[in-house]
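Chain residues, written in single-letter form:
Protein chains: 2
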Amino acid sequence: MSAALTDSQLEALRDEIKQQGDEIRQLKESKADQALIKEKVAAMLAKKKLLGELGIEKPGKFVLKCPKGTRDYGAKAMAVRESVLKIMTDTFKKHGAETIETPVFELRDVLLGKYGEEGGKLVYDLQDQGGELLSMRYDLTVPFARYLAMNKVAAMKRYHIARVYRRDQPVMTRGRYREFYQCDFDIAGKYDSMIPEAECLKILDEVLSTLNLGQYVIKLNHRLMLDGMFAVIGADDSQFKSVCASVDKLDKEPWEKVEEELIKERGLSPDAAERLGSFVRFRELNPDLDNVAVLDQMMQIPELAANAKFKQGVEEIKLLLTYCESFGVSNAVRVEPSLARGLDYYTGAIYEAVIPNGLEGVKDEEGQPVGVGSVAGGGRYDGLVGMFAPKASVPCCGLSFGIERLFAIIEAKNAAEQTAVRTSTTQVLVASAQKNLLAHRMRIVGDLWSWGVHAEMTYKANPKLLNQLQYAEERLIPFVLIVGEQELKEGVVKLRTTETREEKNVKLDELKSTLAQMLAL
Amino acid sequence: MSAALTDSQLEALRDEIKQQGDEIRQLKESKADQALIKEKVAAMLAKKKLLGELGIEKPGKFVLKCPKGTRDYGAKAMAVRESVLKIMTDTFKKHGAETIETPVFELRDVLLGKYGEEGGKLVYDLQDQGGELLSMRYDLTVPFARYLAMNKVAAMKRYHIARVYRRDQPVMTRGRYREFYQCDFDIAGKYDSMIPEAECLKILDEVLSTLNLGQYVIKLNHRLMLDGMFAVIGADDSQFKSVCASVDKLDKEPWEKVEEELIKERGLSPDAAERLGSFVRFRELNPDLDNVAVLDQMMQIPELAANAKFKQGVEEIKLLLTYCESFGVSNAVRVEPSLARGLDYYTGAIYEAVIPNGLEGVKDEEGQPVGVGSVAGGGRYDGLVGMFAPKASVPCCGLSFGIERLFAIIEAKNAAEQTAVRTSTTQVLVASAQKNLLAHRMRIVGDLWSWGVHAEMTYKANPKLLNQLQYAEERLIPFVLIVGEQELKEGVVKLRTTETREEKNVKLDELKSTLAQMLAL
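Taken in order, these protein sequences are the chains called A and B. Each residue of the first sequence is one higher than the last, beginning at 1 in the UniProt record's numbering. Each residue of the second sequence is one higher than the last, beginning at 1 in the UniProt record's numbering.
Just chain A, same shape as in the assembly:
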């Protein structure tokens, strides 16, 4: 299955052929000039021939690869993934959360109309093989809402870690895949204002400080404050999403560029855009103000103060800030009127955690700092469950960690710090020094397993000692028990410490207690 082209080149070639095919169909439909169509067809066939010459598309042959935008997680990637997810599940469990699992696909109607026009296009559909029409889940939030509505659950604190599917253009070098993990925590139920939100921020703070990825900021805003600001400048509801999308770029682009986009593409008047700038940049323009002062001074602007939505949003955020203090959430929380987040379904507080400067000392291949940007986000969405069960009102708020991004950051950090990643938990390798000791090795490794020791032996009947010691060193197995003829006669076994290469004899009848002490069993 050798080929002169790399997998990604082959993929690009196929994409080109597909595009050309689409173009030709359009030309035919629009009854374009026949000569032009002929030319395009010839170009496409030439590309197809290229594929054929490479022996790739011949019947019975295929390129051995993962589907576009997906990847295998090898043992090393899984070890990193498990260490990150353990921090999250431990934290969720510490906060009393339960977990659920839902099917990887849903009835197509369940997902329909939940992700806007853009999102809807990215949903993977299953083929109609006679039966129901199904689609792959696009996130974990809509299935959670469907679960609550279907099972008539009125209150639940749950986490859910699983993969979701989006037919997006993958950028795998930057950790953007078509199949990727999400890690969600949500609190569903009718409770008093801002208490569940406070616990969400607390969890964000705990996870990020435990992950130890350097300085982070938790930005905080409120949907009603955004609604109020937009109302004051005269933007209507239909503009909400597009204006949000522009405002949300403020953490990456200068105001001038955002302002231009607001006027030229979003249809705001220059006055309205300028006004909006003075609101959403309030924090940026008043860098000395603290969280409460930002809110208080924005309330000094008469039109904002007069807007009922804005006022309610401010009051809720102020309440949330007092709860953060009681919970001892670090001073990472920062009120940020420009935080917009794309999703339509948020109804209350919204938040997003960012690592503003990236990891200290960790650069990618192009010398850019690694880890800059958003690593988690969430907010309140009170209307989603009602879309499935109109009579049920189950208010929810939650948060989602950008797991793939966190994996990428930690993998880069490990690489920069040359941290060796262990892919197994083996504590002892049982080796032999001479031939014909297989039965003895087996008996000893069987004892070790029965004592709870994580142990391995090589699957050769008569392995060379050097190969066994090398295996222990490569796999970072801390200890090797060496079975030898002479030692067996003396009723001992040799215990070797891999790192120091020190060896000492241990009596076979003291092996259990020695290992128990050494490995803290």
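Hint data in this document are derived by calculation from the structure and do not stem from the laboratory. There could be a bad hint or two in this list.
[As the list claims (entries may be wrong)] Straight-line distance between alpha carbons at most 20 Å, and here's what the computed DMTMM-like set of lysine to aspartate or glutamate pairs gives:
hint : chain 1 : residue 1 : chain 2 : residue 2
1    : B       : Lys241    : B       : Asp344
2    : A       : Lys460    : A       : Glu485
3    : A       : Lys65     : B       : Asp509
4    : B       : Lys76     : B       : Glu474
5    : A       : Lys460    : B       : Asp382
6    : B       : Lys152    : A       : Asp72
[What the hints assert, rightly or not] To give an idea of the chain A side of the interface with chain B (calculated C-beta under 7 Å), a few residues:
hint : residue
7    : Thr70
8    : Glu98
9    : Glu101
10   : Phe105
11   : Tyr147
12   : Arg176
13   : Glu274
14   : Ser326
[Unchecked claim] To be clear about the criterion: a stretch of chain A counts as covered by chain B if any three or more of its residues have a C-beta under 8 Å from a C-beta of chain B, and this derived list gives those stretches:
hint : segment
15   : 89-96
16   : 121-132
17   : 185-199
18   : 346-352
19   : 439-447
Beta carbons: idealized from backbone N, C-alpha and C, even for Gly.
Since chain A is already given, all that's left is putting chain B on it; use the hints.
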């Protein structure tokens, strides 16, 4: 979304309509009598009307359900599932295994032709949305082989726990789903004969004894022994699979019935069938023989002894039995010449764990014992990786636990023993006795989290004490810390043990050490 019919009734109705539609199409194609076709169409329309009258199929309405053959795993099911999987992952890790994850779908060509004609029909395909043709994984073994071939991995000991997809007829009451978990452990690599198999049997034995589901038997046979027996009776290769399928029924059906099937459906002569019976029932007909004696006495049959494949199979199984002894695998292992297992790709030893009598004292709703039957199986498959990389030879053997079945058994056991299943790990509920103590509760629960205590508080500003205590009792939270005005003045907090309802005061500045001792933090 109320309806007079249950979801399963609706599903049945839809299935009937679909079947009627298929029938009508066939009648039309075969140019059947027009009156008959009209009658059938009328019957189908009546059923369709029934659906319509129920308001189910009106545009914009849909039944809130999971896709056919799938289910949600609620918190309780997940708690059981996690406890079972933990036993397995702990055992796999104790044996030094790594884990990997592969995409939930594969290129269609990867799965094509790997599951025989029957299996191929059950594969879920994704819709062609422009791009590659994809199908959902059908098991974890073929993706593992694809992974090894694609990444040129020559040796690996890995486990993989994930869901797979089969468009089978679901029987959800008996734990047969279209989306279900598999739990696989495999050893890939060129090693000495039967050593990896011995570790697979050791793992089977460890997991089943830890699960504590009563007496189990690990049946053991060899593909080459089956090949030899079939050759001696004159069955040819094309009959292998169908004859295996019949022989495999011997643990559920009497020989007479299997014999009839072999003659009438599989095309064996009465003589050949009788001869085969004397081979595959050798253990059953000689109940006093032990494992080695069964093999030795079968080798006394001249035609079997003269068959090179049979002889090699016997020698390998005898070697495996000596390794089992060295590993201290319990005497659960039982040579069973009738064990056939369906899968074509096995090339060596095959094994299957069964719980022959079901769980003691655990009956299902119909009074039948729960848990009878196969709970795990596996074997050697040396040719699979080569199907992806013809030049690579990566011999493999492994095992797969029937997780859904084990879940069902343990859920039935819990129900029979009235075992309460905890769905969270909360150790302490922080409650308040009066109003206006929210900030105090928050501060204390924040302290608890920082000490590593699994703690919760209700999300009400002023909850009633009784409701909070009830929450702790319902959720089996062992301790409640009650914050009260008077107690705060005295610098204490009340610690209540949920089970005994005992209460005692603890000084706030001794809270950390008290909890640390009590909860063994």
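**Study point:** Cβ contact check, 8 Å cutoff: the segment 439-447 of chain A against chain B, three residues minimum
**Key:** holds (count 6)
Review point. If you draw a straight line from the CA of B:Lys241 to the CA of B:Asp344, is it 20 Å or shorter?
Key: Between B:Lys241 and B:Asp344 the Cα gap is close to 7 Å, so the pair holds against 20 Å.
Review point. Going straight from one Cα to the other, do B:Lys76 and B:Glu474 come out at no more than 20 Å?
Key: Roughly 13 Å separates the two Cα atoms, so the pair holds.
Practice item. With a cut-off of 20 Å on the C-alpha distance, tell me whether A:Lys460 and A:Glu485 pass. Key: holds (18 Å)
Point to revise | Satisfaction of hint between B:Asp509 and A:Lys65, Cα-Cα up to 20 Å | key: violated (60 Å)
Point to revise | Restraint check, 7 Å cut-off on beta carbons, for A:Arg176 near chain B | key: violated (15 Å)
**Study point:** Pair hint B:Lys152 and A:Asp72, alpha-carbon separation not exceeding 20 Å
**Key:** Cα-Cα ~13 Å, so holds.
Check your understanding: Taken at face value, is the distance from the CA of B:Asp382 to the CA of A:Lys460 at most 20 Å?
Key -> Between A:Lys460 and B:Asp382 the Cα gap is close to 17 Å, so the pair holds against 20 Å.
Practice item. Against chain B, run the beta carbon of A:Glu274 and see if the smallest gap drops under 7 Å. Key: Interface hint status for A:Glu274: violated (41 Å vs cutoff 7 Å).
Practice item. Examine the segment 185-199 of chain A for residues whose CB is less than 8 Å from any CB of chain B, and state whether their number is three or more. Key: holds (count 8)
**Study point:** Coverage assertion for the segment 89-96 of chain A with respect to chain B, Cβ distance below 8 Å, three residues required
**Key:** Result for this restraint: holds, n = 4.
Review point. Is the interface hint for A:Thr70 satisfied, with its Cβ closer than 7 Å to some Cβ of chain B?
Key: holds (4 Å)
Going through the hint list in order, the structure does not satisfy hints 3, 12, 13 and 18.
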